[in-house]
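Chemist: Residues per chain, in single letters:
Protein chains: 2
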Amino acid sequence: MNITLIGAGGVATSLGLGIIAAGHSVIQVYSRTAESAKRLAEQLSCKWTDSISDIDLSADICIISVKDDAIATLSEQLSKRAQTNGTLFVHTAGSIPMDVLNLPRRGVFYPMQTFSRQRTVDFHSVPVFIEANSETDHVVIENFAKSLSNSVHTLSSEDRKWLHVAAVFCCNFANHCSALASTLLSRHGIPFDTMLPLIDETTRKLHTLSPVDAQTGPAARWDKKVMSAHEEMLADDADLQRIYRIMSESIHNITQKK
Amino acid sequence: MNITLIGAGGVATSLGLGIIAAGHSVIQVYSRTAESAKRLAEQLSCKWTDSISDIDLSADICIISVKDDAIATLSEQLSKRAQTNGTLFVHTAGSIPMDVLNLPRRGVFYPMQTFSRQRTVDFHSVPVFIEANSETDHVVIENFAKSLSNSVHTLSSEDRKWLHVAAVFCCNFANHCSALASTLLSRHGIPFDTMLPLIDETTRKLHTLSPVDAQTGPAARWDKKVMSAHEEMLADDADLQRIYRIMSESIHNITQKK
Chain A
10 MNITLIGAGG VATSLGLGII AAGHSVIQVY SRTAESAKRL AEQLSCKWTD SISDIDLSAD
70 ICIISVKDDA IATLSEQLSK RAQTNGTLFV HTAGSIPMDV LNLPRRGVFY PMQTFSRQRT
130 VDFHSVPVFI EANSETDHVV IENFAKSLSN SVHTLSSEDR KWLHVAAVFC CNFANHCSAL
190 ASTLLSRHGI PFDTMLPLID ETTRKLHTLS PVDAQTGPAA RWDKKVMSAH EEMLADDADL
250 QRIYRIMSES IHNITQKK
Chain B
10 MNITLIGAGG VATSLGLGII AAGHSVIQVY SRTAESAKRL AEQLSCKWTD SISDIDLSAD
70 ICIISVKDDA IATLSEQLSK RAQTNGTLFV HTAGSIPMDV LNLPRRGVFY PMQTFSRQRT
130 VDFHSVPVFI EANSETDHVV IENFAKSLSN SVHTLSSEDR KWLHVAAVFC CNFANHCSAL
190 ASTLLSRHGI PFDTMLPLID ETTRKLHTLS PVDAQTGPAA RWDKKVMSAH EEMLADDADL
250 QRIYRIMSES IHNITQKK
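If you're matching them up, the sequences are chains A and B in order.
With the working numbering as the guide, the letters of the first sequence map in order to residues 10 to 267.
With the working numbering as the guide, the letters of the second sequence map in order to residues 10 to 267.
The hints are simulated quantities; they were obtained by calculation from the structure and are not laboratory data.
Heads up, the beta-carbon is just placed ideally off N, CA and C, and yes, glycines get one too.
Mixed in with the good hints there might be a few duds.
Pair by pair, the computed Cβ-Cβ distance ranges are [as the list claims (entries may be wrong)]:
id, chain 1, residue 1, chain 2, residue 2, range
1, A, A79, B, H197, 23 to 31 Å
2, B, W231, A, D131, 27 to 35 Å
3, B, S88, A, D222, 35 to 43 Å
4, B, A30, A, T145, 55 to 63 Å
5, A, A244, B, E240, 26 to 34 Å
Below, in silico cross-link-like pairs of lysine to any residue (SDA-like), each with a Cα-Cα straight-line distance of 25 Å or less [stated by the list, open to error]:
id, chain 1, residue 1, chain 2, residue 2
6, B, K233, A, H197
7, A, K170, B, D78
8, A, K233, B, K267
9, B, K89, B, S54
10, B, K234, A, A81
11, A, K170, B, Q250
12, A, K233, B, M107
13, B, K234, A, S84
14, A, K266, A, D222
15, A, K266, B, G19
16, A, K267, B, M107
17, B, K170, A, Q250
18, A, K234, B, G18
19, A, K233, B, D248
20, A, K76, B, K233
21, A, K267, B, Q250
22, A, K76, B, E258
23, A, K266, B, D77
24, B, K76, A, S84
25, A, K266, B, A247
26, B, K266, A, T192
27, A, K76, B, I263
28, A, K234, B, E167
29, B, K170, A, K76
30, A, K233, B, K234
31, B, K267, A, H197
32, B, K170, A, K266
33, A, K266, B, H197
34, A, K76, B, R254
35, A, K76, B, L218
36, A, K234, B, A81
37, B, K234, A, D248
38, A, K76, B, T264
39, B, K267, A, S45
40, A, K266, B, R196
All chains should be modelled from the sequences, with the hints used to inform the complete structure.
Modeler: Shown next as structure tokens:
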């Protein structure tokens, strides 16, 4: 299949590499800035543009992978040409409903993963959640998704919203817990790397135990002595102390319901 | 070496198996309840007792691996016999100072890992933080620790406190983020397993990027539209909404300082 990539950030980069690895062609990359359009186009050996009116709509699928806020405006700007060309568009955002695309043929291709430009993600293992506004295009998007990933699911815009907020907890907030730990450790000259075996095992456990069953630590035991000592240690940092207290209380609430 | 294990919980179980795997002997297991003493003793093929006065103090090291709160009392109860026998004691707690052991020969052997009874942990990769109240016993504990783990570090009680609070963030709080996600998903009939590739990659990233550099998501981009939509979705659950807001603000604070 011939694909046009609209966007050149973390998602677009990993996706572009996945598309090529699956044997498809990226025919063009668009980005607001020539610099990033060019950078990704070089990586994918294809054409690029920074002008919306030059976006190549002859592709089998045009993938819109820009900031959530920019999707609606962009779709508005493409609307007229899209109608003439009969192009199929999908966006890649977790929390944006399909119908924000004001385009006759529309769908969603949401790869649920954390993409950083510094890392290449193996697309085969990325769960992809798809949706389309017609049966025919659902098949087109599903076949395309299945050629890239071993884990393709059809999900409505409504359910995808919940999936996305859950992903924010599992990924963004869990990562932030490590970021907070790293600030504490660096103040005491302890390298963050010492935490990696613990973090690895915390994650491995989730493959065999539910997160509620896997819970350990002072809050799960409701060990008030340790918890007050910790809160006192964090007294100089209101942010950390507040998070410590609220997370501990929330662990206690869930552990008790078990 | 001959080891007496005082305690039969998650840490004592994984540690007992690690001790045997390293070629040492566990000569006895003590637990407050006969049932759990017996259970672990059977696993380790050794004697057991549920009576403090029968604890075998002839061991090269007696390892106290009981609830944090119980360490001081237990050490008090063993104090007299320990003086006569000249036994070396260590405890395994992250947040308890060495000197809570009111015993002439004392130290710490803190394996920083999340131990659940349902899972056997490979002890070789568990970072162990040690301390002793004499040079001689430091060598004894260090040699013992190095026979079990590839990652042995000497750390004072003061620094260990900080290590432990950091571990609570990286492990207990990060796991709780998954627990919160799992409650959201189950309400919408989406299996938690769909999150595993995302959680795995979130962890893998930390082996090559600092947690601050690895941060992604709406709060890192400070995408207010997505964040308000998420907060609104969580309006029925004060706990989740509060955590969503506080974690997002905290991510923003750290991302801005970058």
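Chemist: Which constraints among the numbered hints does this structure fail? Numbers only, ascending.
Modeler: Checked against the structure, the hints that fail are numbers 6, 7, 8, 9, 16, 24, 29, 30 and 32, while the rest are satisfied.
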